[in-house]
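**Student:** Chain by chain, the residues run as shown.
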Amino acid sequence: MHIPSPALRALEKLIGKQNVCTDEISLHLNAYDCSLSRMRPDLILHIPTSDLVAPTVQLLHQFRIPFVARAAGTNHAGSCSTPKGGAVLNLTALNHILQINTREGFVITEPGVITGQLQQALQPLGFFYAPDPASQAVCTLGGNIAQNASGARCLKYGGTLGHVLEITVVLPDGKIQIFSREQNGPDWVGVLIGSEGTLGIVTRLKIKILPTPKHIKTFLVTFPSLQDSVQTVTDLMAQGIIPRCVEAMDHTTLQAVEDFSHAGYPADAQALLLLELDGTAHSIKQDEKTVETVCHQNHALVFRAADTRQERARLWKGRQAAYSAMARLAPNVLVCDGTVPRSELPSTLKKVQELLTANHVTASLLFHAGDGNFHPQLVFDERNRPDTQRITRMAKQILQLCVEAGGTISGEHGVGVEKRSLMAVAYDEKTLDLFTQLKRAFDPDNLTNPSKIIPVGYAEKARLLPALSPQEQKIMTQFCAKLNSQKPFLIAGNNTSLKTKNDVFSTRELSQIIDVDLTNYTVTAQAGVTLTQLATALRAKHVYSVLPARGKHTLGGVFSSGQFPGFYAHVTGLKAILPNGNRIQYGGKLTKNAAGYNLVRLFAGAQGTLGLVTELVFKIYATKPAVLTPTPFKPFTPNVPFERLKKVLDPHQLLPLPPEETR
Amino acid sequence: MTPVWRWPLYSFKQLHALETPLGSRDLYNSVSYCNRCGSCMQACPIYQLTHQEAFSPRGRNQLLRLILEQKLKPAPTDPVLLDVITSCTLCGRCTQACAGQIPTAEHVLEMRRAFSLRVLPGFLQSFLQLRTTHSRIFALCARSALLLRRMGFVSCLRTLRVTRLSALRGLIHINEILPARITSLKKTLSRAGQPLTQDNPELIYLPSLEAEFILPDIALRTLQRARQKYRTVVWKNMPTGLFDYVYGDLRLSRRTLRRLITKHAHYANGNLPLVTDSIDVYLFLKRAPQLFAAYDNWQTKARRFAACVRFVTDLPNTTPPVNKKENAGPVLLDKSALFERQGGPFEQAQKNLYTFFGKNLVECFYTDADVPAFGYVFVDPKKATQIGLKAVEKVARTQTRLVVVLSGLAALELTYLLKKFYPAAKATHFVHVDR
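Line by line, the protein sequences give chains A and B.
Each residue of the first sequence is one higher than the one before, starting from 399 at the first, in our numbering.
Each residue of the second sequence is one higher than the one before, starting from -9 at the first, in our numbering.
Bear in mind the hints are in silico, worked out from the structure with no lab data behind them.
All figures in this text were calculated on a predicted structure; none of them were measured in a lab.
For every residue, glycine included, the Cβ atom is placed at its ideal position computed from N, Cα and C.
Take these hints with a grain of salt, some might be off.
Among the chain B residues that face chain A by a calculated CB cut under 7 angstroms, a handful are [said to hold, decoys possible]:
1. Leu12
2. Ser14
3. Gln32
Computed cross-link-like contacts, DSS-like style, restricted to lysine-lysine with a CA-CA straight-line distance of at most 30 angstroms [unchecked claim]:
4. A/Lys482 to B/Lys63
5. B/Lys372 to A/Lys411
6. B/Lys349 to A/Lys715
Required output: the full structure, derived from the provided sequences and hints.
**Tutor:** So, in structure tokens, the structure goes:
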């Protein structure tokens, strides 16, 4: 696209002539990231200080120039490429750690800070930042937020989503907005994390840090089958042990890694697990016995433990060399990123292996056994076009297998441009519609990182949702009838929080606990289930949730009222009916999901204003976790993106904000 | 826009194949192994200064690839191209960080050769090239230049502000960088009672340019250590071709190296080990076979020659004084070098220093800053100083008292920076640590 000269002049005046590049070399060298996509931008803007981001975006908005924020450019999905041309905002110079507060456990930084450098800064203070993407030596915190990056420690500590407290965002029109976890209403921080820079540009972030565990112990265990290795992880969780890391590899990878790194891994095993425990010396000692017993129960062949830093480094040597081992075989390595429920991992991996063997593809298979996220690394030469096409086709087939197994197309790498078409495989038309509407609510002019995440012409290609059960159908009909009456009403469960006398739609009929899954440790329950009902069902199976064991609150109320913000992190999926009568479905029994906007966080705390949540999937535990206590109910004040979204979804305000008397 | 690159590339001004850690590859193949993962970015001192993709190793590799694929045809005078290619310090940190061990420094040199870029100031280029073409005249000129300096010529130029001219900018701090008194190698050796030759030699010592003309005590100390075990002969004023490999014409470098290989082959059965005191010279001589990829006969000879090359870390150790370990304070190894900073000599140096200083030896990481190697200060003085200051910052942060370097040039530059910004620490060449 053509960049008008007045725009160039204004930008040069604002950020300095040396920071505005339009030469061919700079443009070509900002056209790629770690994916296969190459798209040449028309303008490169090197932003020297964070206070210049907003005025720069204002200028770009004024001249209607699309723009993409870019930092280290290490993502695997083409998230920072420029399909529509326009400007690239290079934010790598915004690399200052502004505050480290160990007393309250947070850090305030700029987005260009390298994750590994933050870890180095925290280490002498006895703290650490829990998300640990494999590329942490080079990736930036801003990039981590854009992709909702996570790593080996995700099973115990969660991904980036769980560790960000507040973000300052420059919206696509150049206005600055602060989103905080302390604000009422939808969890906008959660919505923005993983949005791949399509909703705005983060210029400052406040993140949570944790005290470094005093003791860490690593175990290397080999198994005669993949099934045994995954069963071991499930059994450990059943014993209440959540390891710090559970990394795994299959036989083929094991051999390739051992040939390359000589890490001393037993190369004859069919599966290898690297387990790591952290905590106090006493707790580790106790857990170690259980880990050993569980591993042997699952036919472990070799069980090695490492205490000291050197010994642990030796055990990790092979795992860390896995990428290098593949990178030397051919010019390119395509790292796929599929996620399935943990229970589906062995069968999916088997299918993937069969697919790779049938197509004669050289690949390694690494997976985070704890969270069902796996990374086949396919080697190829991108100069060979048919070979590249074959490999990309293969990658798509692998991700389709994940979706078929109840999983998703990305656990931590995002969608970008490369997996855009697969979004139609993962989601139905109405859910994709909601993604589009959410994008438009933030960015009506489609300027920020356009042409990402949402597929083109998805209406015909999108998957179909499974048919509704008679009970769901009945609720749907009732809800639509209520909407059709064109009179505003509120959604309530037992009316415990709202205590309103206004017209309400009750979810009391949705009172079924559909599934208590003891492999994936999730519950699928309808929104009208009360806390007492839930606790009774869980107690029967000797499992626990983070919710109080007693109370008239319904699950829908707990989720939507905003009284239990700690609960959001445990919810992994939902079903809802929108004010326009569309039904949507997001997530499932997945620990990780980086495909599309996080709809769980959009509906969380929305107080029923965005639609009726009918079903929730959330995590449960084998041991009693700390139980959440409710905060008083407070209606929220809507912000601009909310109002825009509401205008599209519910133009007649049929699901209004809770009335004044509850305020 | 003039297309300057022809493909396939078989010009004698270029390398025909690169000897990468993962085997021999032609240039296009070598650069195609860059998967754009970005692991190299944070290792690059220039990227850390500029924060721009074009100045990162990944950017340089992609630029070369685009040029080779003719997707980008920059003019040789394109200022961005010049800036991107000349700014690389050739330190090889990126290669160390890369899973595929991509030799980005070699790729940058190939680009410089293809575009016939001169990166050194003109007078310095011509002067140093004399060493290859007319080594005796060079020696004479060098001695005259040092004499002129003693007579206050540089101070005079500075007073007249002539050093502000870009061609002479390298001379601004030359008085502070060079030692106050410089004695000739011959005089230094004869004073110490070390003859240049010995009968039935077992080892050849090839002093680097700086050891021969500026820091003869490095040459003396190397010789003393070598002669503890081996009868050693000194090959004086013997250019290696490194200067032309980095800054000049590859053909000239090849010719000089061929001369050295021939001399070595004809000297005492051609299998004597040859030791040098500069890590840059060592690493260059080790990659001698790479220069002769298109000449099978010469490549075999070059391989035989490279197998004989040794570094001062291979020489026998002397025991440090008893109180050295305790009193040394923190000691740091500055890995300033061309092309790479891992493998044999670096590990050996680290090991030797550990036996000398024990826990006083500060742990080094590949991301730690070192002073730029082999005359980069004349290529881009501003960036060189910024990178050098980062190295000083690391020294100050670790409260290091002694910084050990593996080449005389790095010792000179670091001594200058430390004197100016952190006088509590001193820089010394590896051969001097046991003193």
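**Student:** Confirm or reject each hint.
**Tutor:** We went through each hint and held it up to the structure:
no. : hint                 : result
1   : Leu12                : holds, 5 angstroms
2   : Ser14                : violated, 14 angstroms
3   : Gln32                : holds, 5 angstroms
4   : A/Lys482 to B/Lys63  : holds, 23 angstroms
5   : B/Lys372 to A/Lys411 : holds, 25 angstroms
6   : B/Lys349 to A/Lys715 : holds, 24 angstroms
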